[in-house]
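Numbering (the working numbering), first residue to last: 112 to 539.
Please note: incorrect hints may appear among the correct ones.
[Claimed, not checked] What follows is a set of in silico ranges between Cβ atoms, one per label pair, in the way DEER data are often shown:
no., residue 1, residue 2, range
1, L464, R167, 54 to 64 Å
2, L464, E517, 14 to 24 Å
3, R440, R121, 16 to 26 Å
[To be verified] Computed list of lysine to any residue pairs in SDA-like fashion (alpha-carbon distance at most 25 Å, straight line):
no., residue 1, residue 2
4, K162, E176
5, K162, R143
6, K480, T507
7, K233, V413
8, K450, H477
9, K207, A155
10, K450, N398
11, K480, E508
12, K233, Q285
13, K233, R287
14, K162, E185
In short, the hints are calculated from the structure, not lab data. Please read these numbers as outputs of a predicted model, since none were measured by experiment. Note that the Cβ used here is the ideal one computed from N, Cα and C, for glycine as well.
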Amino acid sequence: MFERPKTGERAVLIQADIGGGVPDPDQLAEFRELTTSAGASPVAIVTGKRKSPDPRFFIGKGKVEEVLASVQMEGAELVIFNHALSPSQERNLEQKLQCRVVDRTGLILDIFAQRARSFEGKLQVELAQLRHLSTRLVRGWTHLERQKGGIGLRGPGETQLETDRRLLNNRIAQIRRRLQRVESQRNQGRRARSKAEIPTVSLVGYTNAGKSTLFNQLTGSGVYVADQLFATLDPTLRRIPLPGGEEMVLADTVGFISHLPHELVAAFRSTLQETTEASLLLQVIDNASQQRSVCISEVNDVLAQIGAETVPQIEIYNKIDLTDGAEPRVERGDDGLVKRIWLSAVTGEGMELLLDALAEFFHQEHVHKVVQLAPGDGRLRARLFELGQVLSEQATEEGGWELEVELPRKSYDRLLQQESGLEERLIA
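Build out the structure end to end from the sequences listed, making use of the hints.
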């Protein structure tokens with residue numbers, strides 16, 4: 112399922128604007144980049160417009176003839192559509208063009224199959240591929256049907272199509288069971304972090320916006336980085352310190368893209384759960400892109416699909432080194448909280464602004480108290496040192512201690528429940 116040719120393939124690209132208008136050049140550029148990311152070599156681009164898709168070929172008969180001429184003239188082995196094709200449209204086009212036809216979903220699935228490295232990532236991609244393939248099984252084995260009868264001509268009791276469907280369904284069920292085991296392991300890790308009260312920050316954003324570069328800059332890791340779409344797929348988590356002594360876990364996730372196949376959203380739902388359960392999202396945006404507002408909208412749409420639209424979010428405008436006159440800066444909302452940060456993950460400009468903003472965000476979840484303890488409260492004193500940051504400590508005349516502490520709100524609330532009489536010891 113994951114074996115792919117080592118060399119490129121000559122491909123004719125098809126971009127049809129449905130509903131009229133002029134094809135978007137940025138959409139064409141992204142389509143070309145997706146194609147090269149998959150290892151194909153674009154040799155021709157055919158564009159056009161229609162009010163509605165043709166039921167048989169998606170594009171009209173005249174446009175099919177134009178594509179056929181391009182395939183024959185360029186010696187193309189592959190035709191790629193920047194649209195989702197129905198199984199029947201894909202089959203009709205292959206019969207007419209006499210070459211392999213791939214739609215946008217198949218193209219992205221192929222890229223994901225090449226980039227997946229971890230056991231979980233490969234399982235998720237294979238699951239998405241099998242779901243996509245299950246809609247494209249054709250009745251090409253009717254010579255095995257038992258209905259044809261005759262001595263020596265009776266089939267095995269079921270058609271090859273039914274056999275293929277059964278095998279596919281068995282494999283899909285097997286992959287789901289394996290993914291459930293992997294997901295249970297991830298849930299154990301999440302519970303451990305929650306118990307230790309370490310917040311998780313998830314990097315999200317359009318593919319190739321610079322998430323992995325920012326991740327490496329913050330953590331000092333060596334996550335693979337390349338100027339291509341979907342350079343990294345597998346989620347990576349690292350613990351990093353914040354100004355003031357706090358710690359957090361940073362998660363790098365798969366990049367989003369417009370018209371992300373539903374099969375991939377469903378298959379990667381367990382991985383994207385790191386996003387839904389994060390304390391904060393950092394949406395990384397390519398500041399140098401002319402389509403950044405469209406990319407932001409696409410990312411927010413996917414976040415809504417996976418149920419992460421209510422997670423607090425800070426927008427990170429990356430790549431200011433590619434924008435003339437752009438300087439590192441912070442923009443706050445009407446509530447005084449940080450909403451946007453401009454920086455460069457490549458040069459490191461503005462990274463201190465991001466770290467300060469993260470420390471400020473999680474500092475809001477803390478309480479600041481002054482506690483007066485009696486000489487017999489040694490156990491409670493040790494507990495306060497364990498849970499929070501003791502800002503100052505003074506001995507009292509009675510032989511006890513006066514502590515100024517700062518600790519997470521959850522820890523403080525739990526301590527109030529566990530330590531009877533703690534509220535009476537608070538003096539500020």
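Consistency of the hints with the structure:
1. The hint said 54 to 64 Å for the Cβ distance between L464 and R167, and at roughly 56 Å that hint holds.
2. L464 and E517 have their C-beta atoms about 23 Å apart, which keeps the hinted 14 to 24 Å range intact.
3. The given range of 16 to 26 Å is broken by R440 and R121, whose C-beta atoms sit roughly 47 Å from each other.
4. For the given pair, K162 sits about 19 Å from E176 by alpha-carbon distance, which is consistent with the 25 Å threshold.
5. Restraint check for K162 and R143: satisfied, since their Cα atoms lie roughly 24 Å apart, inside the 25 Å limit.
6. Distance hint between K480 and T507 is fulfilled; the C-alpha atoms sit about 17 Å from each other, no more than 25 Å.
7. Between K233 and V413 the CA atoms are separated by roughly 21 Å; this keeps the pair inside 25 Å, and the hint holds.
8. Restraint check: the Cα-Cα separation between K450 and H477 comes to about 20 Å, which is no more than 25 Å; the hinted pair holds.
9. The hinted pair formed by K207 and A155 meets the criterion: a straight-line CA distance of about 18 Å does not exceed 25 Å.
10. Of the pairs offered as hints, the one joining K450 and N398 holds, with about 15 Å between alpha carbons and a cut-off of 25 Å not exceeded.
11. Of the pairs offered as hints, the one joining K480 and E508 holds, with about 20 Å between alpha carbons and a cut-off of 25 Å not exceeded.
12. Distance hint between K233 and Q285 is fulfilled; the C-alpha atoms sit about 14 Å from each other, no more than 25 Å.
13. A C-alpha spacing of about 12 Å is found between K233 and R287, which places the hinted pair at or below 25 Å, so the restraint holds.
14. Taken as a hint, the K162 and E185 pair is broken in the structure, with Cα atoms around 29 Å apart against an allowance of 25 Å.
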